[in-house]
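Q: Residue numbers (numbering that gives the first Met the number 0), protein chains in the order written: chain L, 0 to 347; chain Y, 0 to 347; chain P, 0 to 347; chain H, 0 to 347.
Keep in mind the hints are simulated off the structure, nothing from the lab.
Careful, some of the hints might be misleading.
Identical chains share a label here; the pair holds if one copy fits it or two copies do between them.
[What the hints assert, rightly or not] Straight-line distance between alpha carbons at most 30 Å, and here's what the computed DSBU-like set of lysine-lysine pairs gives:
(1) 29 / 109
(2) 109 / 245
(3) 29 / 152
(4) 245 / 329
(5) 152 / 329
(6) 152 / 245
4 protein chains.
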Amino acid sequence: MMVVEMAEGSTRRDLDRVCESMAGGGRSYKVAAGRGGAYVMSADVACGEESAPFRAFPGVRSVSVTTCCHPLASREIGGESRPMELARGLWIGDGEPLVMAGPCAVESRKQLLATAEGVQQAGARVLRGGAFKPRSHPYAFQGLGSEGIALLKEARATTGMPVVTEVMSSEEAEWVAPHIDILQVGARNMQNFSLLRTLGELDRPVLLKRGMCATVEEWLQAAEYILAGGNERVILCERGIRSFDKNTRNTLDLSVVPLLKSMTHLPVVVDPSHATGRWELVAPMSLAALAAGADGLVVEVHCDPAEALCDGPQSLTLDDFAHLMTRASKMFHALNEEEPSWRMPIAR
Amino acid sequence: MMVVEMAEGSTRRDLDRVCESMAGGGRSYKVAAGRGGAYVMSADVACGEESAPFRAFPGVRSVSVTTCCHPLASREIGGESRPMELARGLWIGDGEPLVMAGPCAVESRKQLLATAEGVQQAGARVLRGGAFKPRSHPYAFQGLGSEGIALLKEARATTGMPVVTEVMSSEEAEWVAPHIDILQVGARNMQNFSLLRTLGELDRPVLLKRGMCATVEEWLQAAEYILAGGNERVILCERGIRSFDKNTRNTLDLSVVPLLKSMTHLPVVVDPSHATGRWELVAPMSLAALAAGADGLVVEVHCDPAEALCDGPQSLTLDDFAHLMTRASKMFHALNEEEPSWRMPIAR
Amino acid sequence: MMVVEMAEGSTRRDLDRVCESMAGGGRSYKVAAGRGGAYVMSADVACGEESAPFRAFPGVRSVSVTTCCHPLASREIGGESRPMELARGLWIGDGEPLVMAGPCAVESRKQLLATAEGVQQAGARVLRGGAFKPRSHPYAFQGLGSEGIALLKEARATTGMPVVTEVMSSEEAEWVAPHIDILQVGARNMQNFSLLRTLGELDRPVLLKRGMCATVEEWLQAAEYILAGGNERVILCERGIRSFDKNTRNTLDLSVVPLLKSMTHLPVVVDPSHATGRWELVAPMSLAALAAGADGLVVEVHCDPAEALCDGPQSLTLDDFAHLMTRASKMFHALNEEEPSWRMPIAR
Amino acid sequence: MMVVEMAEGSTRRDLDRVCESMAGGGRSYKVAAGRGGAYVMSADVACGEESAPFRAFPGVRSVSVTTCCHPLASREIGGESRPMELARGLWIGDGEPLVMAGPCAVESRKQLLATAEGVQQAGARVLRGGAFKPRSHPYAFQGLGSEGIALLKEARATTGMPVVTEVMSSEEAEWVAPHIDILQVGARNMQNFSLLRTLGELDRPVLLKRGMCATVEEWLQAAEYILAGGNERVILCERGIRSFDKNTRNTLDLSVVPLLKSMTHLPVVVDPSHATGRWELVAPMSLAALAAGADGLVVEVHCDPAEALCDGPQSLTLDDFAHLMTRASKMFHALNEEEPSWRMPIAR
């Protein structure tokens, strides 16, 4: 792939000239929006090909030729890890883990507010809750829909916590975006390219869950669809992959946490609830995720798991969650005191 | 799940009464359209629960309680296998295998027409070709789009063959449906429930590919979304699952062919091209699929694979394809002569 | 890897000289017995390294440098496919499929003889039956042991059919070899290197089952352990791999049949019984395996599956088996008449 | 399964009477040695069957009927977690994590001693090192064999650290046992039942690695083979399972740590080196394993990874290892101070 980065002060005309030259040379290309500027990407370029001609074009800042198919998501082109602002004053990737918590599905006003207040007191900074639920069969509870969105807004007004919720189509994304702080793409839609393209054009951070059998490259390429549209705020969320062992709902692949840290600047969070499907494994795997270097967690908490309409067996009670947060905090500070802003060594 | 089947002559009022009774009992429910009538489905029913009350309601034909989450797709509720008409005079599941063939992507008028004529002469009955291509990263060739659809229509006009093409969103499905005979859902979108719901409302057969790591139940539940919307024409297409071995692009899971025959009335076809990713494995696996009892094949054929913009290494030449068709025909008739309409024994 | 092939008339001294030169150059090496001569193999050789010096040594026939780690099992070094004699007058790989059939476990004289006679009448050429059974937990029926071996010998004496049985350790292999015609290595022992080395030194064909999650390369490398010991008669048996879907016991990976044909000269057979774990899938998958080009089948048949001590649900009755054999024969001849000695095209 | 536990003071005759009654009732059975007494196990018992008759037999302490196929390894029959003495004064499972470290393969006196001293100084309590190496193909370095065992003994004499090494067959196990403190079963041999039976009769702790695609039940059933032979000292070692993603050598399945804690009393350790295959992921995954509640670690450390004959890319340097140990210790104490002897909640 050839990546032509336009300089900050470059003009529309400079950009057009690069594109014309690409087209003239018989190369397909795509203009991508990136950090403060435009990129012209062409996949019709072999490695080792001469990139010099484009360097001389006016308005071109740099030209790279790479085998990587997710350049904007890579550290090589996209740059180092850096804090990302998710909502006013709320950052991820600034050294302090960010915990998003709440019920799997928004079920009622009472359930949502009780859970929201509880998780906030325990230290969560973002409220999660599903209004539109992806369900394997059409007869299962599909979420409260727009009523759920209204309840999430009310919970935000009450607690001040930003909210994250899942969207399953471009239409839903466009409809939900004005109301909700962070939009989530579920595992089943990780390669719903139509949805990803729409999210690239919206001004909302995206929590992108890993597909059930997605490789790390496919996941970063899915993120690239969003980044290429100009939306730089993508958070990667590991939620378990599908394997042969059925003792847990999925197989939490925690090694991707340090692995992604070496490949991308995007923040990485872990969802131990969907990964394991069993509440009693959520606390140990949350601690493990933070010990592995995750930037945050997404945890299902319910004020009354036994009555949950969806995924009760994997939800923590408010007490379990508060206990986990205390332990996580002690652990984090012990690791951090030893080595502020703990990061794995990337090269030997 | 409780499945209340309304009788053929039942009225809207009969239906409403069942629904009201469901709601009154605190049960969620969904009205599904099925073979010549309506169904009221409720997942809020435990197995063994008394179904008698609903039997006495006017307009109710039958009431079943089942653990199966894809009742319309099942043989139990949905009935026996039966031929399905895909386009005027074109049937699948009538005993004779149906072969769909053509290029991975529509690339040009010349390429499409040459390939279409070639596969037709060799015995293919449906032309396949992608106009909208799902690609892992945003910089790869994404298909010719509406221009591709126009070329497919031209190829149909020239050869008389119905055409099948992939759609990736509700919007695309609605736009493409008036022009194209059969709509394909790709592996990555098998659980794009928004798309499935839209397809349930369109009057077009749907070729539903298995997701890369979908279980057979999840696949049938995805089909159920379409069936529940009133569209009865769903064809299941096995195209390989993801496994640890990377010698083939995917792992063709041929055992699902006879397995599905025992579970569902829907026709089952096999795509050996995406399953293996290697042209030299396509012919043996095509024969294997038919020997296992598949109702048809979806095969990638290109008039000049070396020049293909997409998936050349897995495309057969026209000569390879013609050779395969001759062999397949001999094999099929030998099996069929021995035992007309060969089907595996379903119960001992 | 460097492969130095000694010429047929070469002396022990010639061999020693090659070895000394390897050692003198600081390379580790291993002397392997191959088709009618010795090989000196060294893994301490980079691709592209100069092989000329060894070519000039007396007694050296050829020198190759390859990235392949299973040279004797490869077509490149090990040669083309060729018929293999398994017992007096019994060949595999000669164009006619060879079927091995019998019960999972030898249970009694009556059961074994009834099954043996039945499968022979239907066209099986080898009797299979387990005397030593690998079982996941120590409290399950572990086979009749030496008594089972005696019964297998009696069944052979009665029917004239050679027999194949599983061995699980070097000790068992050495003890069983004088009594039994073909030794089987089960999936769990595919990388029991101690057992493989012992089998390399015995004069008995080995039926080497694929490990539950073995790649094709690992499988061929396991075969290489046997070949390198001087035993050239290895048959590869696909029996399903482990995947996420639990509708079948394993996932039959039939694409490896044509794939292996392009990589190795060793014969390839398929066990549809363990692969599927369901008797009603055995016949369709047997036909599929032969259509894909397999050299033979290994099928579980029991004179009374309902009473089987082991794997009854995957065993065919004698009638089912006879029916399958008739169909297989018709199918095979139709394919073969069209193109005698059907093989997939290996290069375009 | 029926489990008859004999009382401590029961006689041989009491045991025989239970066995005779089992046999008389047409049940197969196996006598297993367990904690301070004998068990008679029979798999020929359906759940719900009456166990009363055996309760009345003399010398019988208890009778249980269970669906679990690894009773001695279960908490239900085998009891609560408890510290296990591995060598004089060396315990595992006593609340303090135990770290085993050393090179993948013993290569030379110098390499082994330098590494042994280094890991000891950093806090490792057991020295690991392979003398017999399982290698996928027969031409790779297979280990120093008996010379390697001698070097391990020398390193133990010098440092005082007990040593653990892999054995691959019954013969090797019997030969190595008198010289080495802890015997390791590799992933490829997890279901080498002949080896497991031999280890059940030896007086040495066994480090039982999980098979590459073994379920948790199969793993515990493999442990049961050893326990049933009378050897109570089995340590379970998670080392990654095989999945579709090839960015790491295997997929570390850390959720099994808390899961196993709820199922078995056996200690659980984690090998992050084989799991990831990449040294830069070893430290984060080591911390994650301890945070998840592992009883210890098995870490590959080499005094000079660049020169390692085997698995250099996954070996830590001595400095990396020392750094990891410091961090692990801080983290562990922070977690432990909060909640001494941290264990996940097992029941809600």
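Q: Which hints from the list above does the structure break, by number from lowest to highest?
A: 2, 4, 5 and 6
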